[in-house]
Amino acid sequence: MSGFVRGKFAFGLKLVLLAITTAVLALLTESAYAQKEYLIGTFILIAILALNFTYLTKYSIPLKFFVPGILFFFAFVIAPILYTGTMSVYKYQTGNYLSKPAAIEQVLILGAQPDAAGTTFDIVVGKNSANQYAILVSDITNNKYFISAKTSRTPVPVSEVKLNADKVAISAPGFKPISLNVLASNNSYANIRYFYEGKYYISIESETVGAVFTQGLSYSESTGIMTNLLTGDKYKDNGKGNFAKIGGTRDQILSPGWRAPVWFQNYTRLVTDNRIRTPLIGVFIWTIFFAGFSVLSTFAFGLLLAMALNRRMRGRKVYRSILILPYAMPSIMSILIWAGMFDSQFGAINSILHTNIAWFSDASLARGAVLLVNLWLGFPYFYLICSGALQAIPSELLEAAAIDGANPRQVFRKITLPLLLQILSPLLIASFAFNFNNFNLIYLLTGGGPRDTLDGHVAGATDILISYTYQIAFGKNIQDFGLASAISVLIFILIGSISIFGLRRTKVLETFE
Amino acid sequence: MNRKRLGVLGALTAAALAVTVAVVPGAHAANEIVIWADETRGPHLTSVFAAKGDWVPGYTIKVVTFSSYDALGAAFDKTSGTTGPDILVAGNDWVVASAKSGKLAPVTLTAGQKSHFTPSQFYDLSYQGKLYGIPVDINNVSMIYNTKLVKTAPTSFGDMVNFYKANKTALGLKAGLCISGGGMAWGGLSVFSALGANPYQMYNGRPNYHYTFDPAVFASNVKTYLLDANGKSNGFYPATDTGCMDNFLAGTVPYSVIGNWHWKTFVDKGFAMNLMPVPGAKAGTYGQMFGSVSGAFLTAYAEKHGVAVGAKSLLVNFFASTAGQVAYEALEGRPPAEKGAQSSPLVSDAQKGFGQAAGLSSMPQIGAFLGNNSGGANYWDSSGAYWTAVLVNGKDPLVEAKKLSKMWAKNVAAGKGDL
Amino acid sequence: MNKWLRENAWRHAFAIFMCLFSLFPLYLVVLSSVKTGGSLALTSFVPHEISFSNYQFLFHSPKTPYLLWVKNSMIIASTVAICSVVIGASSAFAFSRLRFKGKKFGIQLLLLVQMFPAVLALSAIYVIMERVYAFAPKIGLGTQAGLILVYLGGALGVNVWLLKGFVDTIPAELDEAAKIDGASPVQIFWMIFLPLATPVLAVVCLLTFIGTFNEFILARLFLVEMNGRTVAVGLQQFVGGQYSTNWGPFAAGSILASIPIVIIFLSLQKYIINGLTAGSVKG
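Taken in sequence, the protein lines are chains Z, U and Y.
Residue 62 in numbering that gives the first Met the number 0 sits at position 63 of the first sequence, and the numbers go up by one each step.
Residue 26 in numbering that gives the first Met the number 0 sits at position 27 of the second sequence, and the numbers go up by one each step.
Residue 174 in numbering that gives the first Met the number 0 sits at position 175 of the third sequence, and the numbers go up by one each step.
Hint data in this document are derived by calculation from the structure and do not stem from the laboratory.
There's no promise every hint is true.
[To be verified] Short, incomplete list of chain Y residues facing chain Z, as computed with Cβ under 8 Å:
#, residue
1, 66
2, 110
3, 135
4, 160
As the structure is a computational prediction, the values presented were derived from the model and not from experiment.
Ideal Cβ placement from N, Cα and C applies to all residues, glycine included.
Sequences and hints are given; from them, build the entire structure.
Right under this line is the structure:
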């Protein structure tokens, strides 16, 4: 065993692992740079350096324990948080989703206007006599045929074209059709605007159909002005992520918009927007109560069970196996089963009690139900943890106390509980944080309700901050990721300070001195 | 660290690098059209394309099937361009938001291609005057009654209520009419509508912007049919759809609104497909239902992936063609949107039955109105809230109906700009 | 007898009560898995007819390669569990036993970032993995490998706290003795700490395994290929439909999916419950 860790074999193994990791990561860096993903590429490069530096030198022993974890942590926990934080200063919502260049491109695409009649033609794609991409167009209604290239249009007499049964031209002199299979592998023909007449051009709509368009909008890079070529209206960046008509009303804007930096506007909306602000305090208080009560109840039941089963007794294994079941069952399933059980019309609970109570329509009943279900979901976790923790308490300590004449209750209050709390307080705090953000439970069980929707209330009686945010930010058809990010940051700061405060009060942090 | 170590490391790195070069694959093919679909449509599209893949010569078609409709939505919401689909097959309620955000690209159809569909179907798939997709399947509901309990088709809403009251104890009924398919908001529109409340009204194929429903008429109907003398629910119409289907199948609910996607369940259980719209308060009138279409949408990513023409051709050649829709709907089992496919003998009678019920009384589902929440809450949330308030919490039907009427009118006015 | 009553009766009574509390909803899941209708609502507490069609459907329908999903779940969850334990245990060891700058800050930061509302960080993870896909399709969006990488981001989180609490209870004399023998911290970790911490590692392993096994919010965005899905994602397809939900197969699948977890729990029970820590000081 010691030879394994100390010897040449261990060193060799380390080297091989490191080499493989380095090689893989180096390759990833290379392709990341090739695809212009500079940020990710650089991160991987740093990862390579950090790994090699840590495991090839003796500069820092602690780092050897941390580096892989830190790299993952940074990539998939810290980076998303930073991203979300950044987005909180952007107007990032339905309609303002793309980057500015992408939005301009999209606006211009939508600016292509079909001609008044919506004219479409059957076409064949090929090359003309000058070897340029061209289309052979059949204007069946007028019995006219012509070949269109980017800048020119050449009529072809009916007598010279070869027609199929539908009177669509399939070939003409000087025109070389390209087979559909060839077209599929090279799309450079697709974005050409084939000349029609005046400002009108033919755009390829599918491999055999072209439609007549005119470009209705034009963008000037230098002035940043979007001009409607048909009406002469001019549109300017309104600083809120859209082109707005100069001298027009507020809603005369072009779609789509882009994510525009609006600095602290999302945060000030939390204070100024009545619909967001008013219920915030009520929701906040309930969230704290919900999270706090959930932690206490699950911990209390978990601990009590762990103590009850913390000795040799008949049926212990059976009990344990059953008690783990709520935790083993996918929580989406069990939450929805509970929702079904509380149903007023057909629910199991009303059937047993022979009542007809609408559990989720009354604020207090709904809150009670939420707490009960969360107890069911959470106690096995604390049962497991406490079972382990009880074992970790040195038995000498308990034996000594018993010899000193302490009764079991005293032993529990004076020794077991304080020790447990010391070991478990970070987990209690983490559990508090988890419940603070326990979106799934609320969303699947009550949907945040009951809520007086008809009176215009957005927040429901069981809405916690996260579900309330979700309601505002990701409501059907309107998604405001910028605002949601701002609320997330706010939640983060609130819950973070509560936790740090809680942590300081326990003696846990002192173990790090 | 000595030189020997470095040498070993270098050699190992080089060897490993050589191995990995072989492993890392190239980017996705230039002429591959990627379709994203949900858990029911995806496998059927896959089978159809496996049987015949040359709908667009030179292109290969790849169908990505998400594990659920929700998952598909969650993913498409988050796409930022690199891995997005070229064609998205989804409900029409996504059109407004996705088009507004620049995630969809417009399609132009020839007059001939358009003639395959009814014009109101394009309504559902357009945003600010531009069409973004092809109508694929019709989604609607219909009322069905249990012939073991009810011998004749009801002619008015009152007929059903009377039957329920007369036979409640004798037959052990748990409710009279409930929603098995589509939920209280979407599937339950017919009940609102039968009692006199519509979120908006169509007139000559266009929305009638002067319409608001009369809360007094609606509330008096609610009082007459759904409440008892004390103003409490008489149990005829439950405020939730939980358990409805089971109870209907078990014979404890005589009437139910079912969706056209699960008619097979009912046929297998031996129910006759006696489909009809929900009868209105006045005999001979019917409640309207949503007759919406799901679409195949062209996304803005198709252009970036260099397959825009291929994807548009697939939309036209497959999704907008009789042959394509017949092949697909024969597996999928929903009524096809395309006219030729609707009359195809391959389409089942039940599919056609739903189509007929929809033909009797349906309205297009206009997302711009329904998803708008300018009045305080959108249609989806407010409609369910009304039943909870009145049937569960015992609030006054008229007071609540007035709020509802005001809310819906505001939403329609605000949604006008998105059409 | 009297003593037995005093000492054990309440234990049994309480345990039985909690078992009933645990089992009641699960009984309803079982009930809905053996009936043919599609909903979760209760028509009666006793099934009128017992039908295994939902179970048959899972195993025979080409739409549901259920066993493959279980295999995927097992692979992903065990990979994540094992890697998480290694990452978590090494960090916990360092936090508990080594001296270095920024220790207090580091551990506070770890706790703090877990408070970030994950529902919203999801969009960012999607964007990152979408970009990774652009240059490395094998580990980006849509791959099991990518999903595992993302899951490992959480390995440093709550596990470190859990583990550290237990590392602290391991007597310091043990590793001091080893230090005198000339062992390096790395050697102490592998040779002394890991064996001693087996029970708590088992707990962490199990918790991570269960958590990963049941996770579907992220997984449903990553695992879109039918054959690459996990159980949690695969079962989604019955309940997340556009207009309909089909609870029967979902209930059946959930019951079957919880069986491996219970088996793993039972097989690790010895490690989880038997305290090695106290014993090792004596022995």
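For each hint, the structure was consulted:
1. 66: 17 Å, violated
2. 110: Hint holds; residue 110 of chain Y Cβ to chain Z Cβ min 6 Å, cut 8 Å.
3. 135: 6 Å, holds
4. 160: 4 Å, holds
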